[in-house]
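Colleague: This is what each chain is made of:
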Amino acid sequence: MQFTALQIAGMLNGSVEGDPQAIVTGLSKIEEGEVGTLSFLSNPLYTPYIYGTKASIVIVNNTFTPERPVSATLIRVEAADIAFSKLLEFYNQIKNDRKGISKLSAIAESAVIGESVYAGEFVVIGENVTIGNNVKLYPHVFIDNNTTIGDNTVLFAGVKIYSDNKIGRNCIIHAGTVIGSDGFRFNQQDGLNIKVPQIGNVIIEDDVEMGSNCTIDRATFGSTIIRKGVKFDNQIHVAHNVEVGENTCIAAGTGIAGSTKVGKNCMISGHVSMTGHITIADGTILGGATGVSKSLTKPGEMYLGVPALEVSKYRRSTAIFRNLPELAKRVDKLEKERKQI
Amino acid sequence: MQFTALQIAGMLNGSVEGDPQAIVTGLSKIEEGEVGTLSFLSNPLYTPYIYGTKASIVIVNNTFTPERPVSATLIRVEAADIAFSKLLEFYNQIKNDRKGISKLSAIAESAVIGESVYAGEFVVIGENVTIGNNVKLYPHVFIDNNTTIGDNTVLFAGVKIYSDNKIGRNCIIHAGTVIGSDGFRFNQQDGLNIKVPQIGNVIIEDDVEMGSNCTIDRATFGSTIIRKGVKFDNQIHVAHNVEVGENTCIAAGTGIAGSTKVGKNCMISGHVSMTGHITIADGTILGGATGVSKSLTKPGEMYLGVPALEVSKYRRSTAIFRNLPELAKRVDKLEKERKQI
Amino acid sequence: MQFTALQIAGMLNGSVEGDPQAIVTGLSKIEEGEVGTLSFLSNPLYTPYIYGTKASIVIVNNTFTPERPVSATLIRVEAADIAFSKLLEFYNQIKNDRKGISKLSAIAESAVIGESVYAGEFVVIGENVTIGNNVKLYPHVFIDNNTTIGDNTVLFAGVKIYSDNKIGRNCIIHAGTVIGSDGFRFNQQDGLNIKVPQIGNVIIEDDVEMGSNCTIDRATFGSTIIRKGVKFDNQIHVAHNVEVGENTCIAAGTGIAGSTKVGKNCMISGHVSMTGHITIADGTILGGATGVSKSLTKPGEMYLGVPALEVSKYRRSTAIFRNLPELAKRVDKLEKERKQI
Numbered sequence: 075m076q077f078t079a080l081q082i083a084g085m086l087n088g089s090v091e092g093d094p095q096a097i098v099t100g101l102s103k104i105e106e107g108e109v110g111t112l113s114f115l116s117n118p119l120y121t122p123y124i125y126g127t128k129a130s131i132v133i134v135n136n137t138f139t140p141e142r143p144v145s146a147t148l149i150r151v152e153a154a155d156i157a158f159s160k161l162l163e164f165y166n167q168i169k170n171d172r173k174g175i176s177k178l179s180a181i182a183e184s185a186v187i188g189e190s191v192y193a194g195e196f197v198v199i200g201e202n203v204t205i206g207n208n209v210k211l212y213p214h215v216f217i218d219n220n221t222t223i224g225d226n227t228v229l230f231a232g233v234k235i236y237s238d239n240k241i242g243r244n245c246i247i248h249a250g251t252v253i254g255s256d257g258f259r260f261n262q263q264d265g266l267n268i269k270v271p272q273i274g275n276v277i278i279e280d281d282v283e284m285g286s287n288c289t290i291d292r293a294t295f296g297s298t299i300i301r302k303g304v305k306f307d308n309q310i311h312v313a314h315n316v317e318v319g320e321n322t323c324i325a326a327g328t329g330i331a332g333s334t335k336v337g338k339n340c341m342i343s344g345h346v347s348m349t350g351h352i353t354i355a356d357g358t359i360l361g362g363a364t365g366v367s368k369s370l371t372k373p374g375e376m377y378l379g380v381p382a383l384e385v386s387k388y389r390r391s392t393a394i395f396r397n398l399p400e401l402a403k404r405v406d407k408l409e410k411e412r413k414q415i
Numbered sequence: 075m076q077f078t079a080l081q082i083a084g085m086l087n088g089s090v091e092g093d094p095q096a097i098v099t100g101l102s103k104i105e106e107g108e109v110g111t112l113s114f115l116s117n118p119l120y121t122p123y124i125y126g127t128k129a130s131i132v133i134v135n136n137t138f139t140p141e142r143p144v145s146a147t148l149i150r151v152e153a154a155d156i157a158f159s160k161l162l163e164f165y166n167q168i169k170n171d172r173k174g175i176s177k178l179s180a181i182a183e184s185a186v187i188g189e190s191v192y193a194g195e196f197v198v199i200g201e202n203v204t205i206g207n208n209v210k211l212y213p214h215v216f217i218d219n220n221t222t223i224g225d226n227t228v229l230f231a232g233v234k235i236y237s238d239n240k241i242g243r244n245c246i247i248h249a250g251t252v253i254g255s256d257g258f259r260f261n262q263q264d265g266l267n268i269k270v271p272q273i274g275n276v277i278i279e280d281d282v283e284m285g286s287n288c289t290i291d292r293a294t295f296g297s298t299i300i301r302k303g304v305k306f307d308n309q310i311h312v313a314h315n316v317e318v319g320e321n322t323c324i325a326a327g328t329g330i331a332g333s334t335k336v337g338k339n340c341m342i343s344g345h346v347s348m349t350g351h352i353t354i355a356d357g358t359i360l361g362g363a364t365g366v367s368k369s370l371t372k373p374g375e376m377y378l379g380v381p382a383l384e385v386s387k388y389r390r391s392t393a394i395f396r397n398l399p400e401l402a403k404r405v406d407k408l409e410k411e412r413k414q415i
Numbered sequence: 075m076q077f078t079a080l081q082i083a084g085m086l087n088g089s090v091e092g093d094p095q096a097i098v099t100g101l102s103k104i105e106e107g108e109v110g111t112l113s114f115l116s117n118p119l120y121t122p123y124i125y126g127t128k129a130s131i132v133i134v135n136n137t138f139t140p141e142r143p144v145s146a147t148l149i150r151v152e153a154a155d156i157a158f159s160k161l162l163e164f165y166n167q168i169k170n171d172r173k174g175i176s177k178l179s180a181i182a183e184s185a186v187i188g189e190s191v192y193a194g195e196f197v198v199i200g201e202n203v204t205i206g207n208n209v210k211l212y213p214h215v216f217i218d219n220n221t222t223i224g225d226n227t228v229l230f231a232g233v234k235i236y237s238d239n240k241i242g243r244n245c246i247i248h249a250g251t252v253i254g255s256d257g258f259r260f261n262q263q264d265g266l267n268i269k270v271p272q273i274g275n276v277i278i279e280d281d282v283e284m285g286s287n288c289t290i291d292r293a294t295f296g297s298t299i300i301r302k303g304v305k306f307d308n309q310i311h312v313a314h315n316v317e318v319g320e321n322t323c324i325a326a327g328t329g330i331a332g333s334t335k336v337g338k339n340c341m342i343s344g345h346v347s348m349t350g351h352i353t354i355a356d357g358t359i360l361g362g363a364t365g366v367s368k369s370l371t372k373p374g375e376m377y378l379g380v381p382a383l384e385v386s387k388y389r390r391s392t393a394i395f396r397n398l399p400e401l402a403k404r405v406d407k408l409e410k411e412r413k414q415i
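Chains as they are written, first to last, in our numbering: chain H, 75 to 415; chain G, 75 to 415; chain D, 75 to 415.
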């Protein structure tokens with residue numbers, strides 16, 4: 075893709091200062107700008123870089139007044155940072171603007187496919203599946219029987235969705251993620267592990283994003299539920315019958331055991347472990363690698379450690395842990411002195 | 075799928091009380107029953123719900139005597155909970171009853187395929203692979219050369235099995251799991267990491283279930299072995315030359331490093347880390363996120379923490395850890411008083 | 075595959091002692107040797123096994139002098155262990171010697187494909203992709219637009235590579251690994267999580283190996299970089315804008331958060347968590363399940379624990395942690411005695 079300064083100014087409602095035919099084919103940071111790239115200047119700390127940058131075009135605030143000559147073509151806008159973000163979105167939309175059903179896909183006759191759908195090579199869609207409008211299914215996606223996918227949702231390459239699940243609108247699910255595999259439940263009987271049939275499903279509401287290689291298990295009975303606006307990083311595991319509340323964000327490698335309910339607006343770091351059958355209050359913040367073995371009931375509280383402690387308590391205890399040998403020596407000394415008394 | 079009360083009573087050897095033509099298309103909990111669903115009542119604590127449930131059919135024990143009118147059609151059986159479990163199994167069997175080799179699969183001529191096999195779209199089977207009877211291979215499964223799959227085993231979508239491995243009978247392997255990738259072994263030589271060829275394989279015995287996105291590495295030499303009846307949750311990592319003993323259960327996100335031997339009938343929680351070249355005794359219980367860096371030799375013992383401690387010891391130490399600042403202050407006080415003496 | 079003693083001696087520049095037509099079809103350890111297998115004797119501790127082994131052929135050092143009769147055919151070489159390693163490499167090369175573009179793959183016309191490339195069934199290659207010479211792409215690999223793959227690189231089954239990434243030469247990437255999914259960055263606005271477009275890419279330099287089901291996110295802007303000679307085990311997560319230095323090895327299940335820079339020649343164990351925006355010095359060694367929340371600046375130092383402590387400090391503190399109840403009792407006693415004074 076290549077654009078002229080004039081075209082970009084048009085997209086951004088900005089004005090060109092310099093060569094309106096200057097061409098860019100990529101983006102750069104202003105301090106690393108190369109010929110043929112577009113950059114932006116918003117933070118005043120970076121102003122010195124504009125006089126030396128090799129970027130061909132720089133987006134600047136209307137208020138920017140150069141103190142020395144600038145070789146780049148300038149595009150002046152109301153807010154350079156927001157304009158640049160807008161450009162990134164355009165760029166991504168163009169890059170991901172795929173349409174059409176590949177002849178190499180396999181779609182059951184009973185499936186209902188919306189308008190403007192993209193289904194890449196070797197996509198498989200099962201019986202009675204419903205695919206909304208503008209859905210994008212990258213190559214090697216598999217959607218099993220009776221599952222529904224809402225409008226505008228994107229499933230990247232190799233996503234596997236078992237039967238009978240519901241995915242909402244405007245969701246993004248990254249490559250390799252598996253939705254609807256069996257919950258992990260066995261009854262012990264005569265020393266053997268007898269599988270408990272897992273006949274529930276997974277419901278993912280609107281505006282959810284999931285990273286790559288996550289696994290979301292179906293409910294034993296009823297539904298595993300990921301509420302509206304939830305964002306998952308990569309390699310997250312969610313067990314059967316879990317519910318994750320609206321707009322909660324979870325970083326990579328975190329696992330949630332069966333039937334646990336996580337509140338709304340939580341911020342959960344990476345490599346966190348949550349045991350099953352507990353409740354996490356709304357707005358809870360969990361630091362990296364925290365291990366939660368009991369319900370956390372105070373909204374908005376931050377925890378760290380294994381087992382999870384309130385962060386101030388954790389920090390105080392950890393500070394002493396680092397100097398435990400010292401503390402032990404002081405006790406030794408007290409004991410010796412006592413004996414001498 | 076839809077069934078009448080009469081049909082269900084027939085499957086369960088039960089008797090209908092109410093409308094024998096009542097129709098159900100799904101299942102529900104008795105406290106959440108909707109019209110057109112089937113529920114059951116076994117636990118007496120839930121008895122009050124039967125008088126208000128909207129479920130169209132409820133399975134009850136022969137001994138159940140209603141104290142008020144019940145609008146649902148009843149099916150009376152010997153034991154309502156067992157009957158319901160049996161129904162779930164029927165349901166799952168019907169749902170997963172797939173047969174036939176898709177024309178869109180790619181199967182090497184030298185492969186030997188059993189009877190009543192299902193191979194979905196875009197399945198790839200390599201040279202000299204042997205597939206048992208009643209095996210189900212969901213779309214996008216890949217089985218590389220010389221691997222054998224036992225009777226009745228189910229590989230869900232996108233499972234990848236490298237060459238020369240052996241999977242037993244009655245196994246279930248969920249989507250995205252990888253079996254037989256190279257073990258992680260490098261020799262350091264002149265500052266470089268030189269790969270040690272990994273020419274062993276993976277042996278998975280009968281009745282093993284594995285969750286989604288697990289990774290089981292082949293042995294450097296010999297076999298990585300998962301014994302009969304082992305059950306794995308999702309995202310479990312097993313390194314080269316590990317052996318996991320019969321009927322051991324491992325929850326999600328646990329990793330086992332190279333050459334470690336895990337005993338029989340162990341219960342291992344999620345996010346556990348085991349170092350390499352150690353032995354875990356039969357019946358060992360490991361709590362969530364435990365880190366095991368030494369062999370655990372006492373059968374049936376429970377451990378927690380990093381590094382792993384016997385559970386009673388761990389709990390006592392952790393209780394004091396939470397109050398370490400208090401302990402430190404008491405030592406401060408003792409020191410001050412001593413100085414005053 | 076089957077070989078005679080004479081053929082093997084030829085490959086290894088060795089001499090046969092016994093039956094030059096002895097045939098082997100597999101490999102074995104000398105203490106477990108079976109008829110029809112090839113073994114080797116290098117470590118003198120294993121010498122007693124050679125007199126009883128059933129292996130048909132054993133590779134031995136030129137200096138080996140049997141004290142009793144040996145039934146196996148011997149192949150004498152300069153160094154038996156190195157010769158055996160060389161054989162393993164031959165074996166692997168033969169096993170993985172695949173060529174040709176499957177008719178069932180889907181390759182964009184604009185893609186540039188090198189010589190002697192293998193592309194298995196249902197491989198998908200996007201627009202403007204460049205594939206080097208001798209590259210091997212196993213079934214179900216997906217490479218999206220504008221990505222380049224260097225000479226001799228092997229992508230195992232189901233690897234998914236998003237658009238605009240660069241993979242170097244001589245790399246090995248195991249099944250199910252995802253490269254180039256979006257970084258996990260959201261801005262909070264009016265209680266919602268607004269996605270930050272991720273328009274950077276991933277650069278993987280030469281001689282990198284990655285295990286199965288890893289996830290490497292693209293940079294928000296610029297590149298996530300995995301330097302030359304890096305080796306990753308399975309299920310590793312690397313976030314946006316991370317850089318991993320040359321020849322660093324990372325074991326399974328480790329996660330690195332956004333913008334962190336890991337030095338050269340580090341040895342990082344499994345299940346390690348690193349927070350974002352920190353720097354890890356060259357040659358750092360991290361034990362299993364270590365949690366790193368601050369930059370580690372001293373090259374070559376070893377750390378353990380959560381939060382990471384220098385190993386000697388960690389071990390001393392942990393030793394006391396195990397006996398904290400004892401320490402607390404001693405403080406109790408001191409307090410009681412003080413009161414009595």
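Treat the hints with care, as some may be off.
Because identical chains share one entry, a pair is satisfied inside a single copy or across any pair of copies.
Straight-line alpha carbon distances no greater than 27 Å define the calculated DSS-like cross-link-like pairs of lysine-lysine that follow [to be verified]:
| id | residue 1 | residue 2 |
| --- | --- | --- |
| 1 | K103 | K169 |
| 2 | K368 | K169 |
| 3 | K160 | K305 |
| 4 | K387 | K210 |
| 5 | K413 | K302 |
| 6 | K240 | K269 |
| 7 | K240 | K335 |
| 8 | K128 | K338 |
| 9 | K410 | K210 |
| 10 | K269 | K103 |
| 11 | K387 | K338 |
| 12 | K210 | K240 |
| 13 | K305 | K269 |
| 14 | K305 | K410 |
| 15 | K210 | K269 |
| 16 | K410 | K169 |
| 17 | K338 | K169 |
| 18 | K335 | K269 |
| 19 | K269 | K160 |
| 20 | K128 | K372 |
| 21 | K338 | K372 |
| 22 | K177 | K335 |
Keep in mind the hints are simulated off the structure, nothing from the lab.
Colleague: Just pull the numbers of the violated hints for me, sorted ascending.
Modeller: Hints 2, 4, 5, 8, 9, 14, 16, 17, 20, 22 contradicted; others consistent.
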